[in-house]
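Residue numbers (this note's numbering), protein chains in the order written: chain A, 1 to 251; chain B, 252 to 477; chain C, 478 to 850.
To be clear, the hints were calculated from the coordinates, so they are not data collected in a lab.
Even glycine gets a Cβ: it sits at the ideal position worked out from N, Cα and C.
A few of these clues could be false.
Simulated crosslink set (DSS-like; lysine-lysine; CA at most 25 Å straight-line) [stated by the list, open to error]:
1. C:K591 x C:K607
2. B:K372 x C:K581
3. B:K372 x C:K607
4. A:K112 x A:K144
5. C:K607 x C:K644
6. C:K833 x C:K822
Stretches of chain B that chain A covers, calculated by requiring three or more beta carbons in the stretch to come under 8 Å of a beta carbon on chain A [unchecked claim]:
7. 323-332
8. 422-428
9. 433-444
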Amino acid sequence: MGSGAVADTLSIATASNFRPVLEQLRETFVERQGQDPSMHQITISSASSGVLYAQILQHAPFQLFFSANESYPEKLVASGRGASETLATYAIGKLVLVSRSEGVNPKDILSKAKRIAIANPRTAPYGIAAMAAIENLGVIEESKSKLVIGNNIAQAWQFFHSGNADVAIVADALVVSARGLDEREKPQRQGLFAIDLSPHLTHPVRQSRVAIKPVNSLTQQFLDFMNTAAAKKIIVDGGYLLPMTNKNLKQ
Amino acid sequence: MSLLPSDITALWLTLQLAAVTTVILMVVGAPLAWWLSRSESRFASVIEATVALPLILPPTVIGFYLLMAFSPDNFLGGSWLALTGQSLAFTFSGLVVGSVIYSLPFVVQPLQSGFQHFDHKLLEAAETMGAGTLDRFLNLIIPLTRRAFATAALLGFAHTMGEFGVVLMIGGNIPGETQVLSIALYDHVEALDYGRAHWLAGGLLAFSFALLILLYGFNRNKGLKS
Amino acid sequence: MGVENKIQLAVEHSLGRDAEFSLRLNVLLPGRGITAIYGPSGCGKTTLLRCMAGLEHAEHCRLTIGDIEIGGLPVTQRQLGYVFQENRLFPHLNVEENLDFAFKRRFSDNGPSKQQVIAWLDIENLLARKPNQLSGGQKQRVAIARALLTAPRCLLLDEPLAGVDSKARHPILRHLEALVDQLNIPMVYVSHNLDEISRLADHLIVMDQGRLIADGPLLEMLSRLDLDLTRQENAAVVLNAEVLNHDDHYSLTQLSLGSSLNSDGAASSVETQLVVGRLAAAPGNTVRVRIPCRDVSIALERPSQSSILNILSGVIVGIERVDGARAIVKADVQGQSVLARITRKSLEHLALETGKHVYLQIKTVALLSETLD
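The whole structure should be built from the sequences, with the hints applied where relevant.
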């Protein structure tokens, strides 16, 4: 593809939960390039992974796709639209149980809950993980009637945040960014308790990415940037774990 | 490929929601439309604008504010909880409240225009014959504005059938309680289950079209007769 | 009927933002027969009727019928029949259903039956029709029937003939005249048409600019020189006359203006008699005749050679100059008044003055329902 001197455009499609982190990544990336920021046009579109996957299949003009699961990027590679060499897990989501009452035992909290907000387990990776965690905690039967299903993780958070659900199982990243917003707006807001559910998950939420063919140089530069320590710090600070692969450990 | 039990549940729920909403809208909308058609106060135009808001507001705006209002921390949600022991969000009752607001202009506007064309002098005549308010409403206003009532009921019903944004925001996608047809359809699309999505989308399209043909056919016939 | 059945009406009402128009009126109406409310358009007569019915919310309204005060009641409880100028039949109901609407809600069981009312107004063959299949006159007959079926305490009629073409008025007037005999409830009839009023009314209320100008028995009122009534182009007096006998040869009927009590003396004189076309009424019956002022001329001596049959003898009791050219002369004939509109020139030429004996030549005498030349 074109040489680095020519301005490229990069349109990124991302699962909603990763958007706040990706925006910080973009900011740092542009600074690092040390060039005139107007040289690069990097736009970010967010939606649920399934919607974005369907849009890419319909030839939506995205160059990079950050999914909330592994399967959509893999399917894109299999269908020939994704560039196989760019397929990688970029973050592992931390699943947390949030509630307004202090407690350490997630099982108790779920048993006492009136409404449990989760993302749609049919379409959202965090919804699948939430269902798995509830099942592993052994409270699936009593919880079924309490479940309210958000279209995605953000909506599940909204159900909780608005006070309509007393408990939600969401990505830690969301809690981190929401907390950040809340602290900016209402510093003394209290009474939010988050418990990490990772110990109760057999399969962690592995979030994968893939570039869409053809891969331009700006896309490649951004992918390279993702492997830097600075980028990794941003991801970890955003509430994610890093995948423990050799490739990652190298740096 | 055919309808799954969950889709049939959604269809049945949607019909129930549309029916209940329409009944409430007729009961609430008729006096409101009557007042709007008669009032000359400046306040009436404020109410008129409020009623018309759902026509231009994105349903998500209504849904967002309803979700806030439904919260037990807030007045509406709190009083409802105290009154019924149930929360409004994620329940059928909550959907009814949302649908009533969302479809209100579709019921009030045809009624209002029907009432505006109604000859109010007839009411005076009935009054001198001893007919009270309800008597006049049932025996004069309803029969003489039945076209407006039919239009209002059909539009209210059809519009509630097609409701999506509000339900998405306040429903919680619970099968048999809040998972209406449009949500089930959206679920299928999100899950890339296009086959089932086609069934529901096509069905909804055909149903809405049939309802509108019924409505316009009815109005045309009546229009030619009178 | 006694005084206790009279209708007492006192209304105060303002219309318009700055009370541009105000209605202020206190009057006693007879408890039977037809009382007409007359006045120029805009004088408030319809508003007065609406205040009586409660359709207009008067600031103050006292309305006592018999000894029942209904001025403070809502429309639905006043139990008054109301016939509107524009019939206001219910368009979705046919004639019979319109009648049933009223009959089902009737105020008492003492009112007329459906069959009676249908017969009185001759609407039997209209029962199955919808209002839009009726002529203006038919609609108004149905509207009157509908108002009667509620068994009202009093029937209010607001210019019921205003929207009816002149041909159809005649039968409605006949029905209304007949109704007075059938019903024992009073009627209040608003009109600006003197002909209608002369035919129907027993009592007359004259209004202008929301105020009562005069009220009294119709015959008296129509000959009052101080009222604007007698200045109208179609001003006329109404007289009561007794049928004396029929002349079958010429197909005429002779009427006497004198009361039957003094028929032994001067009353039978030809100078107090009127001749009209053959009537059906038997001798001894009283009929009403109407004599337009413009059709009466005055002579000082009895003309001997004239085609005019009706020449009455009377004494001038009043003279009113109308404008530069004309004057109205009021003459007393056997206690009843006849008005003659003549030129001022004739007035001075004949040196007419109160107390003078004159002969009144009457060109036309209109009977209640037929006109003769």
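Okay, the hints, checked on the actual structure:
Straight-line distance between C-alpha atoms of K591 (chain C) and K607 (chain C) comes to about 18 Å, which keeps the hinted pair within the 25 Å bound. A C-alpha spacing of about 20 Å is found between K372 (chain B) and K581 (chain C), which places the hinted pair at or below 25 Å, so the restraint holds. At most 25 Å may separate the alpha-carbon atoms for a hinted pair to count; K372 (chain B) and K607 (chain C) meet this at roughly 18 Å. Between K112 (chain A) and K144 (chain A) the alpha-carbon distance is near 13 Å, which keeps this suggested pair within the 25 Å criterion.
Taking the CA atoms of K607 (chain C) and K644 (chain C), the gap is about 22 Å. The hint holds against a cut of 25 Å. Between K833 (chain C) and K822 (chain C), the direct Cα distance comes to roughly 17 Å. Compliance with the 25 Å bound is thereby established for this hinted pair. Evaluation of the coverage hint for the region 323-332 of chain B: fulfilled, as 4 residues show C-beta separations to chain A shorter than 8 Å, against a requirement of three. Counting residues of the region 422-428 of chain B whose CB lies closer than 8 Å to any CB of chain A gives 3, which reaches the minimum of 3, so the coverage claim holds.
Given as covered by chain A, the region 433-444 of chain B passes the check, having 6 residues with a CB less than 8 Å from a CB of that chain where 3 are the minimum.
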